[in-house]
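Colleague: Residue-level listing of the chains:
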Amino acid sequence: MTHTPEDKPLTLAGREYTSRLIIGTGKYESYEQNAQALKASGAEIITVAVRRVNLTDPDAPMLVDYIDPKEVTFLPNTAGCFTGEDAVRTLRLAREAGDWNLVKLEVLGDKATLYPNMPETFRAAELLIKDGFDVMVYCNDDPIAAKTLEEIGCCAIMPLGAPIGSGLGIQNPVNIRVIVENASVPVLVDAGVGTASESAEAMELGCDGVITNTAIAEAKDPIMMASAMKHAVIAGREAYLAGRMARKMYADPSSPLGGLI
Amino acid sequence: MTISITINGEARDIPHAMSVAELLSTFQLEAKKIAVERNLEIVPRSAYQAVSVEDGDKLEIVRFVGGG
Numbered sequence: 006m007t008h009t010p011e012d013k014p015l016t017l018a019g020r021e022y023t024s025r026l027i028i029g030t031g032k033y034e035s036y037e038q039n040a041q042a043l044k045a046s047g048a049e050i051i052t053v054a055v056r057r058v059n060l061t062d063p064d065a066p067m068l069v070d071y072i073d074p075k076e077v078t079f080l081p082n083t084a085g086c087f088t089g090e091d092a093v094r095t096l097r098l099a100r101e102a103g104d105w106n107l108v109k110l111e112v113l114g115d116k117a118t119l120y121p122n123m124p125e126t127f128r129a130a131e132l133l134i135k136d137g138f139d140v141m142v143y144c145n146d147d148p149i150a151a152k153t154l155e156e157i158g159c160c161a162i163m164p165l166g167a168p169i170g171s172g173l174g175i176q177n178p179v180n181i182r183v184i185v186e187n188a189s190v191p192v193l194v195d196a197g198v199g200t201a202s203e204s205a206e207a208m209e210l211g212c213d214g215v216i217t218n219t220a221i222a223e224a225k226d227p228i229m230m231a232s233a234m235k236h237a238v239i240a241g242r243e244a245y246l247a248g249r250m251a252r253k254m255y256a257d258p259s260s261p262l263g264g265l266i
Numbered sequence: 002m003t004i005s006i007t008i009n010g011e012a013r014d015i016p017h018a019m020s021v022a023e024l025l026s027t028f029q030l031e032a033k034k035i036a037v038e039r040n041l042e043i044v045p046r047s048a049y050q051a052v053s054v055e056d057g058d059k060l061e062i063v064r065f066v067g068g069g
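Note that the protein sequences, when read in sequence, are chains A and B. Per the numbering used here, the first sequence runs over residues 6 to 266. Per the numbering used here, the second sequence runs over residues 2 to 69.
Note that these hints are calculated values from the structure, not bench results. Treat the hints with caution; some may be incorrect.
Okay, derived cross-link-like pairs now, BS3-like style, lysine-lysine, Cα gap no bigger than 27 Å in a straight line [as the list claims (entries may be wrong)]:
1. Lys44(A) / Lys225(A)
2. Lys13(A) / Lys44(A)
3. Lys44(A) / Lys34(B)
4. Lys75(A) / Lys253(A)
5. Lys32(A) / Lys225(A)
6. Lys152(A) / Lys135(A)
7. Lys225(A) / Lys235(A)
8. Lys32(A) / Lys34(B)
9. Lys44(A) / Lys135(A)
10. Lys75(A) / Lys34(B)
11. Lys44(A) / Lys59(B)
12. Lys59(B) / Lys75(A)
13. Lys32(A) / Lys152(A)
14. Lys116(A) / Lys152(A)
15. Lys116(A) / Lys75(A)
16. Lys253(A) / Lys32(A)
17. Lys32(A) / Lys13(A)
18. Lys59(B) / Lys32(A)
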């Protein structure tokens, strides 16, 4: 007999998703490998960037030729934007290219750490929401900042586990947990996850989902890692719903003490 | 008459003023895969025929690429 814990689907801007894993589409060897990893991950949402077309090579491969925006939700990001205005301009173009409102806002503060610039992030979030966007927002792991973003009207809060692309895992699990406990919109760990166990950890902390790019794209076998991430997110979610046992200082035998020969 | 415009930060000369739609076909770009900004204003896809590209215009033409 199998028992599946009861769970509600992940809901973002009114749309329901079965998978709680969102994968990036950067750093892969090819779009073909990316598409295979996507299939293995079971993800229903991918993050994408907005960049200038290559005018000299119109036949260069396009992401949309490999991954169909009608089948998978494209979540355009503002990677590389350092001001609120840049972010808004980029996402207005993304909305025209894709014809949808769900976006990932990230306003960076510094090239070395890619740490978010929170005052600019607040400002950009306000501008975007006023302009009709549904904003999923990359932010630091500060519970007060997370609450502020929720109050501004962001539809998902996405604190970093560690710097983008670092693969260092969740550096501040206590803050992630506090953010989750205080949020009434979905919380996803965005950035920092390096391997499957770290995705599971994010989910065990109660996160609603995980976004990962580099951990899959830079694995020796990205397709197998994509599958590992899928299972890790499911495992972590079920462990969270199941509720872990209490931690104890000393041993507690699993076999009965009575009836010993 | 040749006109000078800037596309994606590069100066370009095109043979004459033309619609955005004509410009895209000159560069063999499929309208459904890109988005266009003209002088900092989005050009809606529905207006590609109606909006013309004039001398001195600054255009950005973008697409989705892999990203995190």
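Colleague: If a hint holds in the structure, say so; if it does not, say that too.
Modeller: Okay, the hints, checked on the actual structure:
no.	hint	in the structure
1	Lys44(A) / Lys225(A)	holds, 17 Å
2	Lys13(A) / Lys44(A)	holds, 23 Å
3	Lys44(A) / Lys34(B)	holds, 22 Å
4	Lys75(A) / Lys253(A)	violated, 50 Å
5	Lys32(A) / Lys225(A)	holds, 13 Å
6	Lys152(A) / Lys135(A)	holds, 18 Å
7	Lys225(A) / Lys235(A)	holds, 17 Å
8	Lys32(A) / Lys34(B)	holds, 21 Å
9	Lys44(A) / Lys135(A)	violated, 35 Å
10	Lys75(A) / Lys34(B)	holds, 13 Å
11	Lys44(A) / Lys59(B)	violated, 39 Å
12	Lys59(B) / Lys75(A)	violated, 31 Å
13	Lys32(A) / Lys152(A)	violated, 32 Å
14	Lys116(A) / Lys152(A)	holds, 26 Å
15	Lys116(A) / Lys75(A)	violated, 34 Å
16	Lys253(A) / Lys32(A)	violated, 43 Å
17	Lys32(A) / Lys13(A)	violated, 32 Å
18	Lys59(B) / Lys32(A)	violated, 30 Å
In summary, the numbered hints that this structure violates are 4, 9, 11, 12, 13, 15, 16, 17, 18.
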